[in-house]
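Throughout the sequence shown, residue numbering follows the working numbering, covering 1 to 197 in sequence.
Be careful, since some hints might not be right.
[What the hints assert, rightly or not] FRET-style restraints, in silico, Cβ to Cβ:
# : residue 1 : residue 2 : range
1 : Arg26     : Ser51     : 35 to 45 Å
2 : Ala129    : Pro75     : 14 to 24 Å
3 : Arg46     : Val89     : 34 to 44 Å
4 : Ala126    : Ala82     : 36 to 46 Å
5 : Ala82     : Glu130    : 18 to 28 Å
6 : Arg26     : Glu66     : 16 to 26 Å
7 : Glu133    : Asp13     : 44 to 54 Å
8 : Pro75     : Pro128    : 33 to 43 Å
9 : Glu66     : His28     : 18 to 28 Å
To be clear, the hints were calculated from the coordinates, so they are not data collected in a lab. Here the structure is a predicted model, which means the values were calculated and not measured. Glycine residues also receive a C-beta, built at the ideal position from the N, C-alpha and C atoms.
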Amino acid sequence: MHAMQYEITLPADYDMGIVHRRIATRGHLLDDHPGLGLKAYLVRERGLDGSPVNQYAPFYLWRTAEGMNTFLWGPGFRGLSADFGRPAVRHWLGTGLRRGPAAGGGPAGGGPATATRHTERLPEGADPAEAVERALAELPDRPDLHTAAVAVDPDRWELLRFALWRAAAPDDVPGTRYRVHHLSSPELDRLPVGRHW
1 MHAMQYEITL
11 PADYDMGIVH
21 RRIATRGHLL
31 DDHPGLGLKA
41 YLVRERGLDG
51 SPVNQYAPFY
61 LWRTAEGMNT
71 FLWGPGFRGL
81 SADFGRPAVR
91 HWLGTGLRRG
101 PAAGGGPAGG
111 GPATATRHTE
121 RLPEGADPAE
131 AVERALAELP
141 DRPDLHTAAV
151 AVDPDRWELL
161 RFALWRAAAP
171 DDVPGTRYRV
181 HHLSSPELDR
191 LPVGRHW
């Protein structure tokens, strides 16, 4: 599993309706993309949920590197780059995944409404394997959890915790908060659950 995100920060007075319409009209294009576990179309809006910025910041969990490559070198990413400029793409190696009750059908099911992303640098001398084990043990297990993942950037030695929530993210979960405007999840059920290493 590979985690990936890019952030496009927009001016404070930007009409975020443009981003909403873009997602509404184009979000479905990845609903059956081979190799994609999920793409959460994430948005931050200045003044909402404590956000100081307007931002489009989609987050991906790729089942295969081939799927990720097909996207990055394909027409979708080229179109985004043409419209907003080519963003820096962050990439982490997936180390674990948990699907929550809200990922399935039934009374607890439904699509995610919010997301949290928390990153932390691992201190010099810290054992990365211990940090990953701790993060995996701390993956949230709550009724409104859709999906949670842990990943590591071994260049920066940065640990990533990402979670999708059916409703507002719990106050005690740290990290940047986003609203989810669409979820493409063609191969979410094919991502391995639990520890990936």
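Going down the list of hints, with the structure as the test:
1. Arg26 x Ser51: 35 to 45 Å: violated (23 Å)
2. Ala129 x Pro75: 14 to 24 Å: violated (39 Å)
3. Arg46 x Val89: 34 to 44 Å: violated (24 Å)
4. Ala126 x Ala82: 36 to 46 Å: holds (41 Å)
5. Ala82 x Glu130: 18 to 28 Å: Since alanine 82 and glutamate 130 have Cβ atoms about 44 Å apart, the given range 18 to 28 Å is violated.
6. Arg26 x Glu66: 16 to 26 Å: holds (22 Å)
7. Glu133 x Asp13: 44 to 54 Å: About 45 Å separates the Cβ atoms of glutamate 133 and aspartate 13, which means 44 to 54 Å holds.
8. Pro75 x Pro128: 33 to 43 Å: Taking Cβ atoms as reference, proline 75 and proline 128 lie about 37 Å apart, which means the hint holds.
9. Glu66 x His28: 18 to 28 Å: For glutamate 66 and histidine 28 the Cβ distance comes to about 22 Å; the hint holds.
The earlier numbered hints that this structure contradicts are 1, 2, 3 and 5.
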